[in-house]
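Visitor: Top line first, the protein sequences correspond to chains A and B.
Mapping of the first sequence onto the working numbering: residues 1 to 112, in sequence order.
Mapping of the second sequence onto the working numbering: residues 1 to 115, in sequence order.
Hints should not be assumed to be uniformly reliable.
Unchecked claim - Simulated restraints, written as ranges between beta carbons of each label pair:
#1 A:Arg9 with B:Lys69: 26 to 32 Å
#2 B:Thr40 with A:Ser27: 40 to 46 Å
#3 A:Gly84 with B:Leu52: 36 to 42 Å
#4 B:Lys57 with A:Arg9: 40 to 46 Å
#5 A:Thr7 with B:Asn53: 40 to 46 Å
#6 B:Ser18 with A:Thr80: 31 to 37 Å
#7 A:Thr112 with B:Lys59: 23 to 29 Å
#8 A:Gln54 with B:Pro82: 40 to 46 Å
The set of hints was computed from the structure by calculation and includes no laboratory data.
Quantities reported herein were computed from a predicted structural model and do not represent experimental measurements.
Backbone N, C-alpha and C fix where the C-beta goes; we use that ideal spot for every residue, glycine too.
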Amino acid sequence: KAGVTQTPRYLIKTRGQQVTLSCSPISGHRSVSWYQQTPGQGLQFLFEYFSETQRNKGNFPGRFSGRQFSNSRSEMNVSTLELGDSALYLCASSTDTSYEQYFGPGTRLTVT
Amino acid sequence: ILNVEQSPQSLHVQEGDSTNFTCSFPSSNFYALHWYRWETAKSPEALFVMTLNGDEKKKGRISATLNTKEGYSYLYIKGSQPEDSATYLCAPPGDYGGSQGNLIFGKGTKLSVKP
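My request is simple: use the sequences and hints to build the entire structure.
Guide: Here you go:
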């Protein structure tokens, strides 16, 4: 089975712009979660989607949003980028019966 | 918001040493605890998911124990090898009793094993 894929892998954006990141889960996985990793804060939970519905949301401003499509692929969007949004964004997928989460390789976002 | 603490922050050991680290989490309404290994330039890899008090899980030279009453878990590595060098993360789900998809990660223990 193919693993979790994320595109793009690297991205450079300017302050004020917006960005969309994509995540394709493992086939058959309906839950997709997004995390942000920064050196100071570690891995922080952004949101979780299941069957096209947001099931949980972390403590991030409204500039961070996401969605999930009927094929379970998910996108996250960050609007009005700030320098502090520079981070590694990871997505993870799981089935709803297994507790294990499978992580993708991440998208490294740099905001200048 | 759950508070998950891991100690130590970093650890340097020699090849062949055995080592262990700690994860502390809120004990009330405990649901599950995940352990992940994150090697540099790779994705976090699931090691264990633990749910029952007194649980002990093992994968090769790595094992973990769980005490839900007092809110801690230990990860042990027996006979560390250079390939064990990684950051080890623990994470309970954010809403106890809910889904497993909103993990609250500790800051991790960074292990370096010298040959």
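Visitor: All hints, please: hold or fail.
Guide: Each hint tested on the structure:
| no. | hint | result |
| --- | --- | --- |
| 1 | A:Arg9 with B:Lys69: 26 to 32 Å | 43 Å, violated |
| 2 | B:Thr40 with A:Ser27: 40 to 46 Å | 28 Å, violated |
| 3 | A:Gly84 with B:Leu52: 36 to 42 Å | 40 Å, holds |
| 4 | B:Lys57 with A:Arg9: 40 to 46 Å | 33 Å, violated |
| 5 | A:Thr7 with B:Asn53: 40 to 46 Å | 42 Å, holds |
| 6 | B:Ser18 with A:Thr80: 31 to 37 Å | 50 Å, violated |
| 7 | A:Thr112 with B:Lys59: 23 to 29 Å | 42 Å, violated |
| 8 | A:Gln54 with B:Pro82: 40 to 46 Å | 42 Å, holds |
Comparing the model with each earlier hint shows violations of hints 1, 2, 4, 6, 7; every other hint is respected.
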